[in-house]
Every structure is written in structure tokens, then in C-alpha cells.
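Participant: With the hints as your guide, set chain B onto chain A.
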Amino acid sequence: MSAEFSTNADPATPETVAVSRPPHPLTEFWYHFRQNKGALAGLVVILMIATIAVLAGVIAPHDPDIQYRDAILTPPVWQEGGSWTYILGTDDIGRDMLSRLMYGARLSMMIGLIVVTLSLAVGLGLGLLAGFFGGIADVLIMRAMDILLALPSLLLAVVVAAILGPGLVNAMLAVSVVVIPHYARLTRAAVLAEVNKDYVVASRVAGAGPLRLMLIVVLPNCLAPLIVQATLGFSTAILDAAALGFLGLGAQPPTPEWGTMLASSLQFLQRAPWVVTWPGIAILVTVLAFNLLGDGLRDALDPKLKR
Amino acid sequence: MLRFILTRVSLVIPTFLGITFLTFILIRLVPGDPIEVRVGERGIAPERLAALRHELGLDRPLWQQFLDYVGNVLSGDFGLSLVTHNSVLSEFIALFPATLELAMCAMLFATLVGLPAGILAAVKRGSLFDHGVMGISLTGYSMPIFWWGLLLILFFSVGLGWTPVSGRLDLIHYVEPVTGFMLIDTLMAGEYEAFRSALGHLVLPTIVLGTVPLAVVARMTRSAMLEVLGEDYIRTARAKGLDSGRVIGMHALRNALIPVVTVIGLQVGTLLGGAILTETIFSWPGVGKWLIESINRRDYPALQGGVLLIATSVILVNLLVDVLYGVLNPRIRHAR
Chain A
1 MSAEFSTNAD PATPETVAVS RPPHPLTEFW YHFRQNKGAL AGLVVILMIA
51 TIAVLAGVIA PHDPDIQYRD AILTPPVWQE GGSWTYILGT DDIGRDMLSR
101 LMYGARLSMM IGLIVVTLSL AVGLGLGLLA GFFGGIADVL IMRAMDILLA
151 LPSLLLAVVV AAILGPGLVN AMLAVSVVVI PHYARLTRAA VLAEVNKDYV
201 VASRVAGAGP LRLMLIVVLP NCLAPLIVQA TLGFSTAILD AAALGFLGLG
251 AQPPTPEWGT MLASSLQFLQ RAPWVVTWPG IAILVTVLAF NLLGDGLRDA
301 LDPKLKR
Chain B
1 MLRFILTRVS LVIPTFLGIT FLTFILIRLV PGDPIEVRVG ERGIAPERLA
51 ALRHELGLDR PLWQQFLDYV GNVLSGDFGL SLVTHNSVLS EFIALFPATL
101 ELAMCAMLFA TLVGLPAGIL AAVKRGSLFD HGVMGISLTG YSMPIFWWGL
151 LLILFFSVGL GWTPVSGRLD LIHYVEPVTG FMLIDTLMAG EYEAFRSALG
201 HLVLPTIVLG TVPLAVVARM TRSAMLEVLG EDYIRTARAK GLDSGRVIGM
251 HALRNALIPV VTVIGLQVGT LLGGAILTET IFSWPGVGKW LIESINRRDY
301 PALQGGVLLI ATSVILVNLL VDVLYGVLNP RIRHAR
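Chains as they are written, first to last, in the numbering used here: chain A, 1 to 307; chain B, 1 to 336.
Don't take each hint at face value.
[To be verified] Here are the simulated DMTMM-like pairs of lysine to aspartate or glutamate, each with C-alpha atoms no more than 25 Å apart in a straight line:
{"no.": "1", "chain 1": "B", "residue 1": "Lys124", "chain 2": "A", "residue 2": "Asp92"}
{"no.": "2", "chain 1": "A", "residue 1": "Lys37", "chain 2": "A", "residue 2": "Asp302"}
{"no.": "3", "chain 1": "A", "residue 1": "Lys37", "chain 2": "B", "residue 2": "Glu176"}
{"no.": "4", "chain 1": "B", "residue 1": "Lys124", "chain 2": "A", "residue 2": "Asp299"}
FYI, nobody ran anything at the bench for these hints, they're computed from the structure.
So that you can see chain A by itself, here it is in the shape it has in the complex (with noise of 0.2 Å):
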């Protein structure tokens, strides 16, 4: 019966297509996306930063963590005393500057990865949870958001990883937990607006179990914003990770992190200036890669902008 009356409202049918089909949201999403030049290279940057990232075990000239004693503070080619062999230089005990800044693009992407996805995870959660049942959850979890708000990221990031001890892991951990506030306060900002349309009504007068409305039915709804907040996530999280690196709370020497990298090569700024401008323009780019995406994506995804 249901199926019947679907079949004869499908504007799909053969009389009408020709007259107007909706374009496919994909479709629609790509050509605004495409016109934003900023958006398509920073998209261009990060894949290639992603391809050395996933193949630095092969297409690094060296091993990371191999000294060569006879090559300690080797200028870049193109300087006087550079070689071939280490195109961008060595650092101060002889391993190969871009090797470790390959390698260091594997876990700049991981940390973007596993920071964004558990920030990600925690805040959607909180902000389904406050959103939907609202009332003395949402009163809890939203007081517990702006506390974390309320502190300056970076010292939270500081004083966490401070706590759990220095390392990546705990870098990861504390970054994470910083951002979620940002999540949750979009998810349930999205949800406030979705929960009392009728679609929504509908389903729940069908029956829809909460679960089912919240994870099935309004969700895909509020994914907009998210998408946006959790590409910019990446660069906060690669940025607060480098920062916590150089301040020696996150991941330690040998490590090829690039915040990690600077600090430890903190004393040889001035003889062999190479050394510390490598990973910054690394962290840099990767992190201006991921605004870019972030800020095309928001132009491209909310309709609000669309012309």
C-alpha cells in the first residue's frame, strides 16, 4: 500500500524528469566547492601531505632514526656544502631532515585522525544527549562545557598533558579533550533546530524509538556543520599537538613530530637555521591546507551562502 502511493509521488517518473530533477546533493555540493580555488588547493595539499604521510616507509631517502655522524648539520642542497644525499640537510646528529619531516607527516595526520574522531565521538554523544532529552542533562552537560570553555585551550591542553605526563598519546588525549566542547555545542544547536520539524514529529509518531530518531532520523541532518568543524579540527589538533611538542609535553625526542623536532633543535637556530624552519613551514602548511578545505566546505555546505 505504502509502496504503491511512493511509487506514484516519485517525481522521478519518466513524464517529469525532464522537466526539473533536483540535482544530486553531491552535484549541487561540488560546483559551489569547486569555485572556491582557496578550498581546492588546500583539498590538493592535504592529499599529498596524506600520499607521504601513508608511503614515507618507501619513499623516505632514508631512515628517521639514522645518525650519520659524518654528516652532522649538512646544509640543504641548494646551500654552500649541501648534498644530494640529504636534500633539505641533517640535523644536529646526522639524521636526514626529510625523512623525519615524511615520517613526521604520518603523525601530524594520525594525531588530526584520532584527535578529531574521539573529540568528535565524545562531543556528538553529549550533544545528542543534551539537544534531545534537554531538561536537567542538557542544563549538566552544557554548565560542563563552558567550564571547558571557559579555560584558554592551549592551558588546558598544557595543564592535562601536564597531569597525564609528557607523550604523544597523552599530547592526543588532552588536545582531544579540549576541543570537545566545540562538537557538542554544534550538535546540539543542529538538534535543537531538527527535533521539532515534522519529519521529525512523524517518525515519532510512527514510533521511532529515541535511538533510532536521534542516530537514524536527525543526525545526517545536523552533519553540515560538523563536517566543517571537524576538518578545521584537524588543524587545531596538529597545531596544539606542534605546540605542546615544542613546549615538551607531547611526543619526546626521537619522535620525528615536528613540534618535537623544533624544540630539540632549539640551540642550533642560528648556525643551522634549516633545522628549525623545515618542520615549521611543515606544521604551517599543513595546518593552513585544512583552514582552507574547512573554509570552503562552510561556503559550500551552508545554504545560507549559497547564492
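Facilitator: Using the frame of chain A, we list chain B on its own:
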């Protein structure tokens, strides 16, 4: 008006209690026994351990310990530093003006550069200037500021020798701290050479700390201006023949400033967080550097007190911005 202010203040109290609870709990999450952490003795006799536990109130229920802690904090007792044995509050107060001076200069720099850049970008929308400002501000927003500081030191201090590398004042000068603000103290003492030295020391840290807020202010100003410039009353103003400068400066800017002021207020947290990195790079004797040193020395009471005090100042500044915002904009005041 009074009711508006009271509502805002009462909203802050739970947040403050929450932060206090958070710092109270955090210190209990430190691995290892609190006595060992505090006293630093190993193989301690059981009687002495019990006595110490009792002395520090650690044998009492957690909620009672928390109430004690809140009571202490409210009466200004943030405990003693494990390393210097000074009161945490007095150490904080001695260092806070240095951080505040740096943060205010950074905010001033961000506003003075970011606001005009954002306005011009909006007015010349789509131009090369607009794209330039937006590109630069996105880069600034993505900048790892610890690296940015090192680059500036390498270029301006080491390479060109224009600015000092670290600290607040050259060693040859000494100025009795009155306000704690080096710029004001040197002027009040009439030491113009020292003033110049203080100013020179401020330049690079200000730029480094101001970079992210600058990017945020420029972007926010641009988008707020673009929104306002599309309004009907702007068209009306233009239609009645006002010159462009007046329309932009008087009619558009005033309304565009409202969201910008909020964003500037919200940057205070970013500034105090960024101060941790900036002060570490430039050996700036403020609370950010002190906090990192406390962590490295495992001085947990100092860390606990410092975090609580910084968080409290962020909350207070946000409250102030909130109230000011209500004073400036009646629409907000009467919305609740």
C-alpha cells in the same frame, strides 16, 4: 540595567565553581601519592604518613576537602609553592602585570592593524588588496606562533640586530616596579633610555602574540562590514548623497563594530593561552613562562593556583565584555 548586570554575574558563579572543582580534581589525578608529590620523601614511616595526611586534611572525605579548598581560594589562599615556599598568589601577582602588559600591547596591535585592514578589504571587495588581506590573515591564523617567534628572532634580533632577543629590559637599567607595567614605570621614573629599551623588548613578543588575534579581527571585521554594507540604510545613506567616507565610517562601521568587539573580548583566552608559548620563546617573565616552569619542576600547587587564577581572569574579562556589550547595545540588554 542593574538586573542585567546581576543576571550576568550570577551566571558566572557556577562556571567559577566548576573551574575550582576542575583544578581541585586535576591535582588529584597526578600519578603517585599526594604526600610523596608534596613532601618528596620516599620510604616514609606509616605513622608520619598518617600524621601528614591528617595535617593536610587528606584523611577527610573528598567533598569536605573540596569545600575547604573553595573556602581557602575565596579568602585568597592558593597554597604555597613547593619550590620557593612563597604563596602562590603573591608569585602570581608579581608576574601577572608582565603578561597583562604584553597581552594588552598584542591586542592593541591586532586591533590597530586588523580593523583598518578588514574595513578596507570589505570596501574593496574582490580586489587584489582584499585577496591579499584574506590570504595573509588565514596564514596568520594557521601560524605555529612558537615557530613564528623563532623566525622573527632569527631575522630581526640575530640577523639585523634591531631588537633584543629576550627579557623585558636591558640589564643596565633598573626601575622600581610601581604598576608592574614596564612602559609606565620607566616613564614615571623619568628614565627615557629605559623606556626605549622596554619598548624594544616588547616589539617582537607583541607581534608574535598578536598574530592570531590580528587574523581573527581582520576576518571578522571584513565579514561584519560586508553584511552591514548590504543593508538598506546604507543604500539610503548613499542615495541621499553622503560621501563614501562618511557612509562607511559613520553608518556602516558603527554597526559592524558590534560583533567585532565581541570577538576582541573572546580573544583574551587565546592571548593568555598564547602567552604560554610567547613568554617561553622570549624569556618574558610572566605567568605563562612561570606555569611551564612550575610543570617542569613538578610544582603542583603553583600549577593548580596559576590555572585557577588565569581561568578566573579570563572569566572576569568575558563578564566585563558581556556587561559592556549590554551597556553599548540595548538590544542585548532587553533580550532576556
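Participant: Would you mind confirming whether the straight-line C-alpha gap from A/Lys37 to A/Asp302 stays at or under 25 Å?
Facilitator: holds (17 Å)
Participant: Would you check the hint for B/Lys124 and A/Asp299, treating anything up to 25 Å between C-alpha atoms as holding?
Facilitator: Holds - the C-alpha atoms of A/Asp299 and B/Lys124 are around 20 Å apart, at most 25 Å.
Participant: Below or equal to 25 Å on CA atoms is what counts here, so check B/Lys124 against A/Asp92.
Facilitator: violated (48 Å)
Participant: Given the hint that A/Lys37 pairs with B/Glu176, test it: the Cα-Cα distance must not exceed 25 Å.
Facilitator: Violated, at roughly 56 Å.
Consistency with the previously given hints fails for numbers 1, 3, ordered from lowest to highest.
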